[in-house]
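Undergrad: The whole structure should be built from the sequences, with the hints applied where relevant.
Chains as they are written, first to last, in our numbering: chain D, 12 to 338; chain Y, 12 to 338; chain X, 12 to 338.
Keep in mind that the hints were calculated from the coordinates and are not lab data. All residues carry an ideal CB built from backbone N, CA and C; glycine is no exception. Treat the hints with caution; some may be incorrect.
What the hints assert, rightly or not - Simulated crosslink set (DSBU-like; lysine-lysine; CA at most 30 Å straight-line): (1) X:Lys213 - X:Lys243; (2) Y:Lys262 - Y:Lys275; (3) X:Lys73 - Y:Lys337; (4) X:Lys223 - X:Lys289; (5) Y:Lys195 - Y:Lys235; (6) Y:Lys235 - Y:Lys223; (7) X:Lys223 - X:Lys235; (8) D:Lys289 - D:Lys223; (9) D:Lys235 - D:Lys291; (10) D:Lys275 - D:Lys223; (11) X:Lys73 - Y:Lys73; (12) D:Lys243 - D:Lys291; (13) Y:Lys275 - Y:Lys195; (14) X:Lys73 - D:Lys73; (15) X:Lys223 - X:Lys213; (16) D:Lys291 - D:Lys275; (17) X:Lys262 - X:Lys223; (18) Y:Lys73 - D:Lys73; (19) D:Lys73 - X:Lys337; (20) Y:Lys337 - D:Lys73; (21) X:Lys337 - Y:Lys73.
Said to hold, decoys possible - Sample of chain X residues at the chain D side, in silico, Cβ under 7 Å: (22) Leu93; (23) Glu97; (24) Phe317; (25) Leu324.
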Amino acid sequence: MTLPTHLQNIHLPLGDQRTGRFYGQDILSVAQFDRADLEYIFGVAEAMRTMVAHIGTFDLLKGKILANLFYEPSTRTSSSFLAAMERLGGSVIPINEVRYSSVSKGESLPDTVRTLECYADVIVLRHPETGSAAIAAAAARKPIINAGDGIGEHPTQALLDLFTIREELGRIDGLTVTLLGDLKYGRTVHSLAKLLALFNVKVNYVSPEILKMPAALVAQLREKGLTQAEFKALDPVLAETDVLYVTRVQKERFENLDEYEQVKNAYVITPATLRPAKPKLALMHPLPRVGEIAPEVDDDPRAAYFRQMEYGLYVRMALLAMVLGKA
Amino acid sequence: MTLPTHLQNIHLPLGDQRTGRFYGQDILSVAQFDRADLEYIFGVAEAMRTMVAHIGTFDLLKGKILANLFYEPSTRTSSSFLAAMERLGGSVIPINEVRYSSVSKGESLPDTVRTLECYADVIVLRHPETGSAAIAAAAARKPIINAGDGIGEHPTQALLDLFTIREELGRIDGLTVTLLGDLKYGRTVHSLAKLLALFNVKVNYVSPEILKMPAALVAQLREKGLTQAEFKALDPVLAETDVLYVTRVQKERFENLDEYEQVKNAYVITPATLRPAKPKLALMHPLPRVGEIAPEVDDDPRAAYFRQMEYGLYVRMALLAMVLGKA
Amino acid sequence: MTLPTHLQNIHLPLGDQRTGRFYGQDILSVAQFDRADLEYIFGVAEAMRTMVAHIGTFDLLKGKILANLFYEPSTRTSSSFLAAMERLGGSVIPINEVRYSSVSKGESLPDTVRTLECYADVIVLRHPETGSAAIAAAAARKPIINAGDGIGEHPTQALLDLFTIREELGRIDGLTVTLLGDLKYGRTVHSLAKLLALFNVKVNYVSPEILKMPAALVAQLREKGLTQAEFKALDPVLAETDVLYVTRVQKERFENLDEYEQVKNAYVITPATLRPAKPKLALMHPLPRVGEIAPEVDDDPRAAYFRQMEYGLYVRMALLAMVLGKA
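TA: Here it is as structure tokens:
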């Protein structure tokens with residue numbers, strides 16, 4: 012958020028603003044958070060959870076407007092931000108059809124953002140191009156929250172994943188987290204691993220050879236002191252695992268379909284898979300799932316993936332309240 | 012709405028809940044209602060009508076969120092539910108673009124519903140497949156309202172049709188109701204006939220031979236004691252008719268276009284058609300109309316089809332309030 | 012807004028109505044306004060600006076519902092009306108997908124409007140056909156606001172353009188306004204010129220020969236006493252210009268591409284262009300821009316085009332409040 016000089020004498024249409032941590036800031040990347048930031052965010056999210064449980068909604072952001080600007084469809088993420096804003100008493104301008112709209116008729120992203128901030132107090136942006144959230148933030152006076160920019164970042168997903176671990180298991184330090192499936196292309200697991208590096212955890216990577224965690228990222232995390240180990244199968248690490256984070260192994264990633272046929276079943280979670288696992292395991296998935304976890308697992312108390320969606324609501328409520336100076 | 016055991020200790024994000032008739036229940040089919048249910052629903056809808064007339068909107072559902080999940084477009088029905096929720100002070104997550112969204116990328120309906128109920132307090136579902144509302148309800152903790160599932164059910168349409176009769180004519184018992192047009196494929200008239208069978212009414216079916224009411228349904232309704240008679244033309248029954256319910260005769264239904272040409276004009280309502288009708292007739296149509304009723308009829312006080320839309324608002328307000336325990 | 016006799020005994024779902032200028036009226040064309048109307052509208056818009064600056068939103072239209080009916084996409088205009096309604100505490104039924112919906116399945120515009128007014132208190136209509144707003148208004152009991160009907164009218168754009176001039180320069184009388192670019196096809200500049208004719212201003216038209224202001228319109232405005240002059244280049248008039256209104260010169264308008272190549276750069280505004288201009292110039296553009304104004308100009312205090320978007324919010328808030336009797 013930068014404020015060009017000629018605009019500094021324009022009244023911002025915000026009510027009784029309060030300053031506070033993250034007030035007026037952009038949420039662009041997991042790299043911007045240190046451990047103290049995360050504790051602060053999770054404390055606010057925890058408060059949101061308690062308030063929702065007791066009174067459903069409240070008027071903390073009454074009078075504030077969110078522009079929910081989605082250049083590519085993501086019902087899950089856009090609904091989550093929309094619900095977060097509505098549960099805080101705010102309003103939403105939903106913009107889901109960018110490809111049809113004048114917005115797409117050659118207008119630059121900075122122009123679109125500078126137009127929308129005339130109407131709204133905060134902008135959530137989903138865009139297919141890496142780095143677009145930073146471009147938007149440089150143009151905007153109002154806070155930008157990155158809801159995914161290509162293969163770049165999806166910081167609110169990583170935050171909700173970490174908050175889920177904290178809520179399900181009561182802590183993050185001291186845990187063993189196993190990331191399973193496609194670790195090469197998954198923006199989700201990369202961002203989560205970066206946040207985990209801020210804590211005292213052990214991380215196992217379980218994937219087919221061709222879908223391994225990128226070596227450069229592993230090296231970068233090692234420098235930060237993260238304990239990491241790589242495996243081809245889940246068996247050796249399941250018993251010690253506190254958090255099992257499953258992602259989809261997509262057939263399309265394999266040039267050799269024989270190779271896919273060999274590995275595909277090794278990464279599907281069934282009730283049998285979970286038998287040797289800890290009784291307090293948190294089984295997570297960013298959803299949507301398409302076969303990676305059998306529906307029979309849903310009734311297992313360790314299946315945390317739908318609760319994960321709910322924790323996402325609280326994290327997004329916390330972020331909206333924070334950047335609007337109301338946390 | 013079923014509540015898996017491992018989820019029962021999760022706080023539901025609902026405020027000061029009250030119990031009450033239909034609280035927490037799903038609205039899936041007209042078959043679930045008995046006459047006492049209908050009287051109760053219509054009493055609440057009547058109260059909604061009075062409140063809207065006097066104060067426009069009120070905050071009965073303030074803090075509640077509706078997920079309006081439409082897998083196929085239906086501007087009329089989705090707008091009606093959206094307005095119903097907003098007139099009660101609640102908020103809406105509109106999901107109208109399922110075909111583009113991650114929701115459609117292979118995710119199962121139960122998973123979609125279980126995700127959305129993390130954000131919302133009630134889900135309205137429109138889906139092209141018969142039985143999908145029941146599948147959604149089995150998966151969901153929160154109430155599901157069926158807004159049409161294929162050729163299956165569209166219970167809120169049938170309820171608003173019956174409420175329209177009650178409001179326009181002051182009663183249902185003792186009336187003669189004539190259903191006109193395509194009685195073979197019309198989900199609307201089938202559901203309405205089922206509800207009428209709970210009352211002491213006479214029902215006339217007027218249709219071309221190839222678009223007759225299905226024999227199995229006629230037999231089923233006869234068993235329930237409904238007085239029914241079938242006709243090819245409107246003339247013989249118009250004079251005795253209290254409610255004339257018009258539906259569209261679609262050219263595409265006819266293999267023999269000569270046959271279509273012969274009958275098409277027999278089912279178009281004009282000012283001349285209505286001359287022999289009762290002065291207190293209620294002329295209804297589920298809309299949209301495309302030629303079945305001439306626009307010149309609109310100014311006739313007996314033309315009830317636009318008021319029918321407004322009654323729909325009150326019925327949907329009543330249902331939302333009821334399933335959320337606030338009626 | 013006409014009220015058929017048989018509907019006059021129906022309770023309108025509006026709360027504590029107050030009468031007032033424009034209460035219950037349609038906003039269809041710039042031709043409906045005289046100078047006193049404009050002063051009134053701008054007075055209300057000015058009050059909206061002050062209220063937004065100090066308290067962000069307020070509940071003036073709490074309980075009112077706007078149906079935002081867009082038959083063609085216009086993210087900018089629909090977002091602006093949506094934000095205007097939300098900043099006044101009202102709710103919105105957004106209908107952006109008319110081409111997929113039952114609305115488009117042969118239903119007439121009057122039927123669609125008469126259905127939507129069962130749910131909403133005011134309808135904003137964007138439609139590709141000239142005259143459609145008037146057709147909708149003739150059918151509707153509730154106020155219709157024209158948000159653009161084909162090459163016809165877009166009165167709220169013209170109002171916000173004029174309000175921008177008033178806010179940026181403190182007055183309208185006595186100014187020199189230069190309209191630049193495509194003056195032949197631009198609905199925007201035609202409507203603005205019509206409103207300017209109500210004031211004591213001098214208007215310069217600067218355009219390529221083939222994109223000149225239509226002669227018939229120039230003649231019509233001359234009869235109304237507007238001082239007008241035509242130019243091919245900006246140079247001769249820039250120094251005297253108080254308001255420079257830029258529009259896009261589209262390549263597609265030229266049959267002879269050589270001709271386009273000759274003129275295209277003459278109508279692009281850069282920091283160098285503005286050097287001889289007045290220090291209090293208001294540089295305007297209806298947006299989106301695609302090259303007509305270089306991004307380097309954005310930081311010039313004279314660049315008013317993003318503030319123009321914000322003024323649009325206040326004008327639309329004013330119009331909504333006025334037609335709903337709350338101004």
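Undergrad: Indicate, hint by hint, whether the structure satisfies it.
TA: These are the hints, each one checked on the structure:
| no. | hint | verdict |
| --- | --- | --- |
| 1 | X:Lys213 - X:Lys243 | 17 Å, holds |
| 2 | Y:Lys262 - Y:Lys275 | 8 Å, holds |
| 3 | X:Lys73 - Y:Lys337 | 21 Å, holds |
| 4 | X:Lys223 - X:Lys289 | 25 Å, holds |
| 5 | Y:Lys195 - Y:Lys235 | 20 Å, holds |
| 6 | Y:Lys235 - Y:Lys223 | 20 Å, holds |
| 7 | X:Lys223 - X:Lys235 | 20 Å, holds |
| 8 | D:Lys289 - D:Lys223 | 25 Å, holds |
| 9 | D:Lys235 - D:Lys291 | 28 Å, holds |
| 10 | D:Lys275 - D:Lys223 | 15 Å, holds |
| 11 | X:Lys73 - Y:Lys73 | 12 Å, holds |
| 12 | D:Lys243 - D:Lys291 | 24 Å, holds |
| 13 | Y:Lys275 - Y:Lys195 | 16 Å, holds |
| 14 | X:Lys73 - D:Lys73 | 12 Å, holds |
| 15 | X:Lys223 - X:Lys213 | 17 Å, holds |
| 16 | D:Lys291 - D:Lys275 | 26 Å, holds |
| 17 | X:Lys262 - X:Lys223 | 15 Å, holds |
| 18 | Y:Lys73 - D:Lys73 | 12 Å, holds |
| 19 | D:Lys73 - X:Lys337 | 21 Å, holds |
| 20 | Y:Lys337 - D:Lys73 | 23 Å, holds |
| 21 | X:Lys337 - Y:Lys73 | 23 Å, holds |
| 22 | Leu93 | 5 Å, holds |
| 23 | Glu97 | 4 Å, holds |
| 24 | Phe317 | 5 Å, holds |
| 25 | Leu324 | 6 Å, holds |
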